[in-house]
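Enquirer: Protein chains in written order, with my numbering: chain A, 1 to 132; chain B, 133 to 284.
Worth flagging that the hints you see were computed from the coordinates, not collected in a lab. Everything numeric in this text was worked out from a predicted model, so none of it was measured. Honestly, I wouldn't trust all of these hints.
Here are some chain B residues the structure puts well away from chain A; computed CB gaps all over 12 Å [as the list claims (entries may be wrong)]: (1) Trp136; (2) Leu143; (3) Glu144; (4) Leu206; (5) Gly210; (6) Lys254; (7) Pro269; (8) Ala271.
Pairs of lysine-lysine residues, derived as DSS-like cross-links and limited to a Cα-Cα distance of at most 25 Å, are as follows [as the list claims (entries may be wrong)]: (9) B/Lys275 <-> B/Lys254; (10) B/Lys260 <-> A/Lys113; (11) B/Lys200 <-> A/Lys115; (12) A/Lys113 <-> A/Lys38; (13) A/Lys115 <-> B/Lys260; (14) B/Lys270 <-> B/Lys260; (15) A/Lys113 <-> B/Lys200.
A virtual CB, placed ideally from N, CA and C, is assigned to each residue, including glycine.
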Amino acid sequence: MAEQTVVPADGTSTVTTREQTRAEERYVAPPVDIYEEKDGLVVLADIPGADASGLDVKVDQGILTIEARTSYSPMANPLRREFELVNFFRQFQLPEKVAADQISAELTNGVLKLKLPWAPEVRPRRIQVKTT
Amino acid sequence: MSTWDPFREMLELRRELDRTFDAFFSGRQPGLPRLAFLPGRGARQYPLVNVYEDRDNVFVEALAPGVKPDTLDLQYQGTVLTISGEKPAPEVSSPESYHRSERAAGRFTRSIELGVPIDDAKVEATYKNGLLMVKLPKAEAAKPRQIAVSVG
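Extracted from the complex, chain A is given alone in its bound form (with noise of 0.2 Å):
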């Protein structure tokens, strides 16, 4: 079920939207606060219920992807339901280069926190001045 949602940034492929009624199972866009850091990009998501095995982040072409399966069997006699886990799917196209191999994730109390470094060509360069 890995279609594209976004376009990567050189335009090669175009967008495929994942129609709610043909996708293998329903899914939901989990909540981001994205930020930047000195070196790169942080990314926190709210994945509730999902545990590491069923998660599955990779960057490619440019664009990060977060998928997580939630495994979660409601109980009988329910009182009162105001919520439902349903997996989590969700893309993002990411404006410069990042180094894959440094990216890091590690999934505390049902949030991902996602760290990517951006790659060495794209890091700022201090230029020092001189003067005469």
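Following the hints, position chain B against chain A.
Expert: Positioned in the frame of chain A, the structure of chain B alone reads:
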């Protein structure tokens, strides 16, 4: 086998209506999946809960990813369970460095009416993968009782 009981049917209908109204007032359209997508700050009650029961227990399941486990606090009084805790905001050096900020953060508290008295000495709570699961054994007086029939 059960016989048709108009009063039970009415009770069922009432429950059905309650559920529909619940869904409407919680901002969710009936028929759509109950999303795990968490609402923004203050949009509605937090955390979302599922409540189940069996013969001996009531189970409360709360959707609360990213809560600091040592801030989780459960209190029980009367027949009301109160869940509170804090979800810390990410440590970001400056607000400008945000590209997206969709995850709500902060302190929360929510009370849930359970409807049955609980044996509060035996309550168990676990927090795993962002889900808080509370098992509340019903008080002896609230459990259904088997009555032996003696044949005379």
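Enquirer: Take the hints in turn and mark each one as holding or not.
Expert: Now the hints, each set against the structure:
Consistency note on B/Trp136: stated as away from chain A, and its beta-carbon is indeed over 12 Å from all of that chain's, at 22 Å minimum. The claim that B/Leu143 is not at the interface with chain A holds, since no C-beta of that chain comes within 12 Å of its own (minimum 14 Å). Once the 12 Å rule is applied to beta carbons, B/Glu144 is consistent with being away from chain A; the minimum gap is 14 Å. The claim that B/Leu206 lies off the interface holds: its Cβ sits roughly 16 Å from the closest Cβ of chain A, which is beyond the 12 Å cut-off.
The Cβ of B/Gly210 lies farther than 12 Å from every Cβ of chain A, with a closest approach of about 17 Å, so its non-interface assignment holds. Even its closest Cβ contact with chain A, about 18 Å, leaves B/Lys254 beyond 12 Å, as expected for a residue assigned away from the interface. Here B/Pro269 stays apart from chain A, with its beta-carbon at least about 15 Å from theirs, past the 12 Å limit. Under the 12 Å C-beta cut-off, the non-interface status given to B/Ala271 relative to chain A holds; the minimum distance is some 17 Å.
For the hint pairing B/Lys275 with B/Lys254, the CA-to-CA distance comes to about 15 Å; that is within 25 Å, so the pair holds. Proposed proximity of B/Lys260 and A/Lys113 is supported: the alpha carbons are some 16 Å apart, at most 25 Å. Restraint check: the Cα-Cα separation between B/Lys200 and A/Lys115 comes to about 20 Å, which is no more than 25 Å; the hinted pair holds. A C-alpha spacing of about 16 Å is found between A/Lys113 and A/Lys38, which places the hinted pair at or below 25 Å, so the restraint holds.
Proximity of A/Lys115 to B/Lys260 is assessed by CA-CA distance (about 23 Å); at most 25 Å being required, the pair is judged to hold. For the suggested pair B/Lys270 and B/Lys260, the alpha carbons sit about 23 Å apart, so the restraint of at most 25 Å is met. The suggested pairing of A/Lys113 with B/Lys200 holds, with an alpha-carbon distance near 15 Å, which does not exceed 25 Å.
Hint compliance for this structure: every hint is met.
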